[in-house]
Each structure stands twice: as structure tokens, then as C-alpha cells.
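**Q** Residue numbers (numbering that gives the first Met the number 0), protein chains in the order written: chain Z, 0 to 270; chain S, 0 to 332.
Calculated from the structure, these hints are not laboratory results. Please note that a few of the clues may not be correct.
[As the list claims (entries may be wrong)] What follows is a set of in silico ranges between Cβ atoms, one per label pair, in the way DEER data are often shown:
#1 E30(Z) with D84(S): 33 to 43 Å
#2 K129(S) with S171(Z): 33 to 43 Å
#3 L75(S) with S171(Z): 37 to 47 Å
#4 Q78(S) with T230(Z): 55 to 65 Å
#5 D66(Z) with S50(S): 49 to 59 Å
#6 Q208(Z) with P49(S): 58 to 68 Å
#7 S50(S) with Q208(Z): 33 to 43 Å
#8 K204(Z) with S50(S): 29 to 39 Å
[To be verified] Sample of chain S residues lacking proximity to chain Z, with all beta carbon distances greater than 10 Å (derived):
#9 G8
#10 S50
#11 I73
#12 Y91
#13 P124
#14 G133
#15 Q321
#16 A324
#17 L330
Glycine included, each C-beta is placed from N, C-alpha and C at the ideal position.
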Amino acid sequence: MKLRAFWLAALLLTACGGGARHATVDNPYLEKSRHSTQSGMNAMQDGRWRYARISFTRALTAAQLTDSPALVARAWYNLGMARRSDGQTETAQTAFRTARRVAEQHHDTLTALRARLALALLQVRPTWRPAPLQAKLPADIHLSAARLAQRQHRPKVARAEYEQALKRSDTSRQGLTYKGQAYLGLGLLAEDRASVRHHMQRALKVFRQVGTPSLIAYTLLKISETDESETTRSDHLHRALTIYRALHDKAGEEACIRALRKGKQRQNGPT
Amino acid sequence: MKQGDFVAGMRRQVGWFVMFGIGAIVVLLLVVSLRTDIFASKFSLYVSPPSAAAFFVGQPVKFQGFTIGRVNKIALQEQGKVTIDLHILERYHNMLHQGATVRLVKEGLIGQQDVEITPGKSSAPVLADKAFVGYESEASIEQLLLDIKPAIANADTLLRELVTLAKWVNNPDGDVRVAMANIREVSKGLHRTDVEKAIKEATAAFTRIHALTDQIVEHKVAERLSGSLAQTATVLKDIEPMVKSLGKTGPESLKNLNALLTRTDKLTRSLNGIAADLQELTPELPGLAQQSRDAIEQIRKVLDGLRGSWLFAKPEKPGKKQDVAPPDLGLHP
């Protein structure tokens, strides 16, 4: 009898499992926010800061219409990052502060931490020292923390954070870019020439793979500082210069030209 | 009634019952054998496909839509070669000639794949027993992949064209923007008293506009966009027949196709984004941009429809979308 009841129950459960699915209704503003965020992310990857700002502003408006504080905080952070990359430091700070306030109010610790790190990195002499981070945070947070520690001349902390960023980076384009930036950071922290070159070469390989020309140029510029042969150094600098010119990056161009002039002066010096 | 008569009667009844039972079984066997050709005379044909993945013992072998035999045995030879033994009914032997080939077919999107045999050349001799017949890989996924590649290339071209066009139109030093700025300047000037200066500026502006018109002709903006739309239509044309052909493909190849479709989907999404930017930044070209977007959206729907079908029961897991902007570490001079 018990067995029969069991089979009956099982049959009923199976029948229920095969029933029609409930129709799902998606919030159109949520979809709009996602879409605009994705557009902004793509624009950021291509270095189209203006498009990124437009997209992230649209994403923010849509996020506000969904009344989701987590989404709003992230949208403010993204907008801040687009403004920062576009050189609008003041408005970027406002965006990061808003992101931090909203995130802290609604206990979104990750976005709050991201916004605090971004604000600290915007300062000329950052003073805020975050408490030791948990090992399992997203790669971008470890990377920002590492950069902050590096700028505060705390090489041990910076190295540990870069190592964490390496561990936490996935194999997506963004993840690989973080990986390359972590190698670059380790290279900048390395004390002997061989280690510097080793890390920089690894960074260069990753940047070439994912296609981040500004980071390739910066790495070439940094590698050139460790070159012993003047020919190799000049080659690295010329390659960096070509990229900066193509990107219309005046600061980069000037840095390369200065380095090339220095090299020439060194060559002409003894004579 | 005597006891002996009663026993004899019972025996008779039991005898009849047993005989009737046996007779029923015999008739049943006879009917089954006639219906299923179990005892019908058969001959063997061998086929050696590259993989036995889509074959199974008992699989029907069809000829002109009729089941004329079944897969009897699947064996892996020492050299790693797959040999499949097909048992074909003898009565169809004279219809199969040398040059006959075997292929896998599926009648619809749902259902198992059947083995189909072609008749071969009617002028050629009839196939011998235990003869090897060729295996014809259905114009399958490999062909489809080859077909879709130009479509992807077209979409790539469309993307490049849209980007170039957007860059050209939005270049702050370019003719479009400069001409607009000049017109604005001229309209300001008309409110002033210095008419002569305004006329000079207007002349300069009109010269620039004339140059711009030439540029537009030279750059063939409209033609380029029309070309892009035509290419988009080609992409659609290439993708849609795939839906019909998909049923005839093996599961392994579908994985490859799925990867390719993921790429196309990604590409069309990028195109959609670019077209949206183009529409927003160049209100002077809304019609064509909108048409591009609609066409692209149509492609995406076709792809989504494909991905939603049971054939893609195990689609590639899309990577977790990044929704947090990468940090700016100040890694620039």
C-alpha cells in the first residue's frame, strides 16, 4: 500500500514537473540598462570615451527607473570611470562619490570599495590605505588596490595585490587585460633588470593578444628604459611613438620624443 | 455419466485448448514474420562512414522513402575503420546498382536519423552480395560552415563601413562639422551690421558646403549605406536556409555551428550598437541607419530562434558579461 502511494506521489510529481512554464516578464528598463552598460563597456574597450559616457549616462537613467540601488551605484561608478578616462576629473569625482554613497547606504561593499579606490587613485598623493583585502575579490579591485599601494610606495602590498589580480583574472578580453596590467605592475615593481623585462614581455604578449594599443605603447616605453643596446631602445621607442601618434596621444608622443632625444644626447655625449 | 467418459471429455477439451493456443502463436508468428520480414531473404551491403556516431543496430535503411532493410552490425576494424553491415531485403536487390551510395537523412528537425541508400546508375550491374557501397556525407555542416563564412565576412565589412562612416561624419576637423560650424558663424553674422563680413563668411561657408557635397559624392555615403544594407540582406539570405538544413546534421558539427553562430550573434550586436550611435550622432541619416538596425535586429532574431531550438539543447555557456568598467590605473605617460 505504502509502495503504491509512493509511486502515485512520484507520478504526480513527475506530471507537475512537465507542466507549462510560467511566463516571465522582464523589466524593459533593466534590459535597457544592461544594453547601454554593454555598449559603454565596448566603447571603453575601444577607447571611445565620449560614446562610453553617453552609454553609461543612458544606463544610469534606466537604472534609476528600475529603482535598483545596486544597479544605480554601479552605473554611477561606470560613468565616473568613463569621465575619468575622458579627462573630466572633477565630474568623475562627483560620480565616484555618488556611487560610494549609494553603495554604502545599501551595503553594496564591492561597488563602495571600487568607488573609494577610484577616488584615491584620482588624488595626486593618495593617503587612504585600505584594510588588507580578502583574497577572493574581483580582479579589478585587486588591481586598483595594487596600483594604489604602488603609488604609496608600499611594494610588498602592491606585489601581493598584483599576484591576487593575476589569480583572479579570467580568460575574457577584460580578464586578460587585467592580467597584462598586473604583469606590467609587477614589472614596474621589479628591482633587477631581468625581472623587469620578464614581466614586461609577458604584459606585452597579453596586450598584443587582446589588442590594447595604449598599454602596448606604455609597456614598450617602459621596456626601453631597461634596454642596454641603443638600437633596441630606439626601436622600442619608435614603435611606441608610432602607436601614440596613431592614437593622437600627445603626452605619449612627447614622452617618446624626450626619451629618444635623451638617447641621442647620450650617444653624442662622449664625443 | 461414467468417470471414464468425463476424463476423456476433459482431455479432449484441454487438447483443443492447447492446440488452439499453439495455433494462435503460429499464426501470430506468421503474421509478424510477414509484416516485419524477419524470415525474408536478405543480402548484405557494407558501408564505411568516417564515424559510427549517428548509426545504431536496427536503424531503418530507406530507399525512395520505403524501409528496405536495417543496420545489422556496426564494427570497428583494426585500423580504426568503421564498417556497418546493412541487411537489405532480397526482393529489392535488383533495384540497387553499382554506384549506389549511403547517406544519413532526417525528415524533420525532430526524430532519429535514417540511413538512406541511393539506387546507383540504372545502366550499371546490380550490386553483389556483401559489396561495399560508398558513403556520402550529406551537404552537411562543413558545407554550411563554408556557406556562412562569406556572410560573416559581409557582416565584418558592414561593421567596418559603419565605423568608418561614423568616424568621418563625426570628425571635428572634418568637412561636415566644419561646414556646420561655418553656417552657425554665418547666421550669427547676419544679426550684425557688418553685412560685408557676413557675405564673405557666407561665401566661404558655401564654398565649404560645395566641397562637402563633392565629398559626399566622392565618399558615396548613400551608396555605401545601401551597399551595407544589401550585404546585410545577403547575411540574412545565407542564414535562413540553414534552419531547414540543420535537421540533417550530426550533433558534433552542430557544436561547431553553434560557436560560429555565437560569433555572428556577437557581431550583429556590435553592429546594432554602432548603428545606434550612428543614428544618435548623425540625425541627418536616420532612415538608412534605422533600416540597418532593423535588418540587423532581424538577423539577431533568426539566430535567437536557432539557439532556442532543441538542437541547441546544450549551447555554449555565454561568458559572464562584464558590467563594471575597468579601472583607470593611470598607466600612461
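**Q** Do Q208(Z) and P49(S) keep their Cβ atoms within the hinted range of 58 to 68 Å?
**A** violated, 34 Å
**Q** Against chain Z, does A324(S) hold up as non-interface, every C-beta pair farther apart than 10 Å?
**A** violated, 4 Å
**Q** Mind checking the hinted window 33 to 43 Å against the Cβ distance between K129(S) and S171(Z)?
**A** violated, 55 Å
**Q** That 33 to 43 Å hint for S50(S) and Q208(Z) (C-beta), does it hold up?
**A** holds, 34 Å
**Q** Does the claim that S50(S) lies off the interface hold, with its Cβ farther than 10 Å from every Cβ of chain Z?
**A** About 30 Å separates S50(S) from the closest Cβ of chain Z, which puts it past 10 Å; holds.
**Q** Please test the hint of 33 to 43 Å on the beta carbon pair from E30(Z) and D84(S).
**A** violated, 55 Å
**Q** I want to verify a distance hint. Is the separation of the beta carbons of Q78(S) and T230(Z) within 55 to 65 Å?
**A** holds, 57 Å
**Q** Checking the smallest CB distance to chain Z, is G133(S) really beyond 10 Å?
**A** Consistent with the label, G133(S) stays out of reach of chain Z, its closest Cβ about 43 Å off (over 10 Å).
**Q** Just want to verify: Q321(S) was marked as not at the interface with chain Z; is every Cβ pair farther apart than 10 Å?
**A** Not fine: 5 Å to the nearest Cβ puts Q321(S) too close to chain Z.
**Q** Are all beta-carbon distances from I73(S) to chain Z longer than 10 Å?
**A** holds, 34 Å
**Q** Are all C-beta atoms of chain Z more than 10 Å from that of G8(S)?
**A** holds, 43 Å
**Q** Against the range 37 to 47 Å, how does the distance between the Cβ atoms of L75(S) and S171(Z) compare: consistent or not?
**A** At roughly 40 Å between Cβ atoms, S171(Z) and L75(S) fall inside 37 to 47 Å, so the hint holds.
When held up to the earlier numbered hints, the structure conflicts with 1, 2, 6, 15, 16, 17 and fits the remainder.
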